Amino acid sequence: MNIKEYISSGVVEGYVLGLLTAQERFEFEQYCEAYPELKEARTAFELALEKQAMENSIIPHAELRQKIASKIFDENKAAPVIPIQTTTPGKFNWARLVAAACIVLLAGSIWWNMNLKNENDKLKENNVAMQNDLKNSQDSIAQIMAMANHIQKEGMKMVGLNGTANSPRSFATVYWDTASHDVYLLVNNLPKPASDEQYQLWALLKTNNQLQTIDLGMLQLSQKPLQVYKMTNAREAQAFAITLEKKDGNPDPNLQKIYVMSNL
Amino acid sequence: MLNEQSSDAFNYLYDNYSGAIYTIINQIVPDKDTASDVMQEVFVNIWRKVNTYDAAKGRLFTWMLNIARNASIDKVRSKGYRDNQKNQPMTENESSGMAMSTNPMVNDVGLKKVLTKLNEEHRKLIDLSYFQGFTHEEIAKLMGIPLGTVKTRIRTAIIQLRKMIG
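Residue numbers (the numbering used here), protein chains in the order written: chain A, 1 to 264; chain B, 1 to 166.
Hints listed in this document are in silico derivations from the structure and should not be mistaken for laboratory results. Here the structure is a predicted model, which means the values were calculated and not measured. We put the CB at the ideal spot given by N, CA and C, even for glycine.
Derived Cβ-Cβ restraints for the label pairs, each shown as a range:
#1 Asn56(A) / Lys86(B): 32 to 38 Å
#2 Ser9(A) / Lys79(B): 36 to 42 Å
#3 Met143(B) / Ser9(A): 19 to 25 Å
#4 Ile214(A) / Lys117(B): 44 to 50 Å
Within a straight-line C-alpha distance of at most 25 Å, the following computed PhoX-like cross-link-like pairs (lysine-lysine) qualify:
#5 Lys32(B) / Lys71(A)
#6 Lys75(B) / Lys67(A)
#7 Lys39(A) / Lys57(B)
#8 Lys135(A) / Lys75(B)
#9 Lys247(A) / Lys57(B)
#10 Lys75(B) / Lys117(A)
#11 Lys230(A) / Lys57(B)
#12 Lys49(B) / Lys135(A)
#13 Lys124(B) / Lys51(A)
#14 Lys32(B) / Lys124(A)
#15 Lys39(A) / Lys163(B)
#16 Lys49(B) / Lys124(A)
#17 Lys124(A) / Lys75(B)
#18 Lys79(B) / Lys122(A)
#19 Lys117(B) / Lys51(A)
#20 Lys32(B) / Lys86(B)
#21 Lys49(B) / Lys122(A)
#22 Lys51(A) / Lys113(B)
#23 Lys32(B) / Lys79(B)
#24 Lys32(B) / Lys67(A)
#25 Lys75(B) / Lys113(B)
#26 Lys75(B) / Lys122(A)
#27 Lys49(B) / Lys117(A)
#28 Lys163(B) / Lys4(A)
#29 Lys163(B) / Lys113(B)
#30 Lys135(A) / Lys79(B)
#31 Lys79(B) / Lys117(A)
#32 Lys51(A) / Lys49(B)
#33 Lys151(B) / Lys153(A)
#34 Lys257(A) / Lys206(A)
#35 Lys32(B) / Lys124(B)
#36 Lys124(A) / Lys135(A)
#37 Lys124(A) / Lys79(B)
Produce the complete structure using the sequences and hints provided.
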């Protein structure tokens, strides 16, 4: 992929403004991890947009701030205590009794109203939370679907990496786009590395009985399940392998510590 | 109840971003009272969801701006809002097909101000997609042009916009 062309295609601005489809957004985020210059272009546009948005913006009315602050901070405020006058014993005073009854009724009604309002607010809040959850789930599904479509693209080669004697139950899958040379990795099963270790992906090439290894990048420390990660491009490869290296990797693989590998 | 630390955080967010957020809401929601309601919803939402903000995906402001834009578009498209607008007298702006605010100032600031420098077609495309939230498919139907053309023209419009923002 030509990253310069990609940057100037309008995709950076589309991403920041929220105008991309789920698939385009997903690809953009993957590329951002692989290409620092893409991330720089994104930040530059974000800053320009921010500056533009801040200039001569409309200042909201002061009471709006008050309203918002009280919505955020006063949600759990207790119901105010309403003083109730007590009648003095002795002389029976109808007016006082009626007044007292009214106050009791009023207090009761206010209390009841506040309860209803609190309940209503809670329901509304739950509703918003549920809608957010739904939206998050839909986004996740869209992302997974987008990736599924992507790895089923024509020319995409799927390579299974089987566990070695180091870890017989491990398995990983590499998707290699033979046209663009993009490499994607799905970790199906790898043991959790120690905190000072990290997995590294390699392309392997054998020419005249000479084994050549090409660094395809580090695996992220915490891999999300079902998530496919974009790695460094590989122009040539006969096989792929993952080794356990020190944190941030090594220029050459530790061949004693191959965890998974495809057939060479 | 009012925790000092969270009060500081609120003041920071509000002092820095309320103007820009309020502007974008007013640029999408033409009715001023409704725009104030959306502003309240948006800030409460930002406050509640701020722990889900992921710095790897962009700046805080971008995240907030998108929340405000989405909430505003949702509001304008909601049944309650549309029903309410039907009872309002038509304003001259509506006939032009552009979402205009009752507050003339909102077209002279922020992103809308940049739009005025674009040509008619590009301005319309950005308005429909960014300010009114139409998908490419909907725009293709609306304008009677093929989907592929919509996509390329929006990309061109965005690139023009980028040059204006500098």
